[in-house]
Amino acid sequence: MRAICSRILILMALLLWAASAWAQGNQPQLSAQDQKVIDYLVKDWGGDFSVTTVDQAMNALKVESAEETRFRIGSYIKAHPEIHEVIRRWGWVTVVLTPDEKLIARAIINAQRDGKPSPPLSELAKAVALKEPDVKRGIAMLARYEILTKDETAAGPGYTVTQRYIKWEPRLGFVFHNLTLDSGRQFSVN
Amino acid sequence: MQLVSGKFANEKVTIDDSSPESTARIHLVFDKGNLVSQEPASTVFFWGGG
Chain A
2 MRAICSRILI LMALLLWAAS AWAQGNQPQL SAQDQKVIDY LVKDWGGDFS
52 VTTVDQAMNA LKVESAEETR FRIGSYIKAH PEIHEVIRRW GWVTVVLTPD
102 EKLIARAIIN AQRDGKPSPP LSELAKAVAL KEPDVKRGIA MLARYEILTK
152 DETAAGPGYT VTQRYIKWEP RLGFVFHNLT LDSGRQFSVN
Chain B
283 MQLVSGKFAN EKVTIDDSSP ESTARIHLVF DKGNLVSQEP ASTVFFWGGG
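Chain order of the listed sequences is A and B.
Residues in the first sequence are numbered from 2 upward in steps of one, following the working numbering.
Residues in the second sequence are numbered from 283 upward in steps of one, following the working numbering.
Worth flagging that the hints you see were computed from the coordinates, not collected in a lab.
Computed from a prediction, not measured in an experiment: that's the story for all the values here.
Note that the Cβ used here is the ideal one computed from N, Cα and C, for glycine as well.
Hints should not be assumed to be uniformly reliable.
Claimed, not checked - With a straight-line Cα cutoff of 25 Å, these simulated DSS-like cross-link-like pairs (lysine-lysine) come out:
no. : chain 1 : residue 1 : chain 2 : residue 2
1   : B       : LYS314    : A       : LYS63
2   : A       : LYS151    : A       : LYS132
3   : A       : LYS168    : A       : LYS117
4   : A       : LYS132    : A       : LYS168
5   : A       : LYS127    : A       : LYS79
6   : A       : LYS44     : B       : LYS289
Claimed, not checked - Okay, the calculated bits of chain A under chain B, using three or more residues with CB under 8 Å as the criterion:
no. : segment
7   : 124-133
8   : 175-182
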């Protein structure tokens, strides 16, 4: 009996180790530049009610605007709410998504909440005042963050909203309040 | 608005905001704490409360 218990414990430890290694392997590695963006945000968040976003921090640090960089930093923030209270209080979506992505998400979520089919791409573009290729890029990013799920049977661009985001408080989810000062400083508040 | 009328009351502040429920964008410009322009023009701006 004791030997069986020991084996079970060893097996559980191995499974935990494997799960941890798998999770670490899936976590994108931050570059030194990415870390600077994270450091900037952690220092900025909270002062002046700031919930400054990744794209604003990248602008402030003159980091080249690249979707891949933003996704890497955003994924890190999504996976690490322990790095700041702002993430835990306002949600990773608030500080990771761009205004365009938030509005695209909102358009698809509002339709699904109301039991309507997702609007076609042309209507989405009109609703959020963007060109269709920009809407497509936004949708692709929302899918990478697992806010949207590809669904061939869904109307419109063929995505459905992941259930947990449907349930979000409608007036608090996917909003932005961006401030620009004369000095050029840009930040968000909530 | 605490910032616009307080810490940044002597500055020009531009606010780009999402509409509370729709997918509309709202653009407001304040100069020294006063609202100087708004887009869309139909934007209804409330300041204060109780």
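Hints violated by the structure (listed by number, smallest first):
Hints 1, 4 and 5 contradicted; others consistent.
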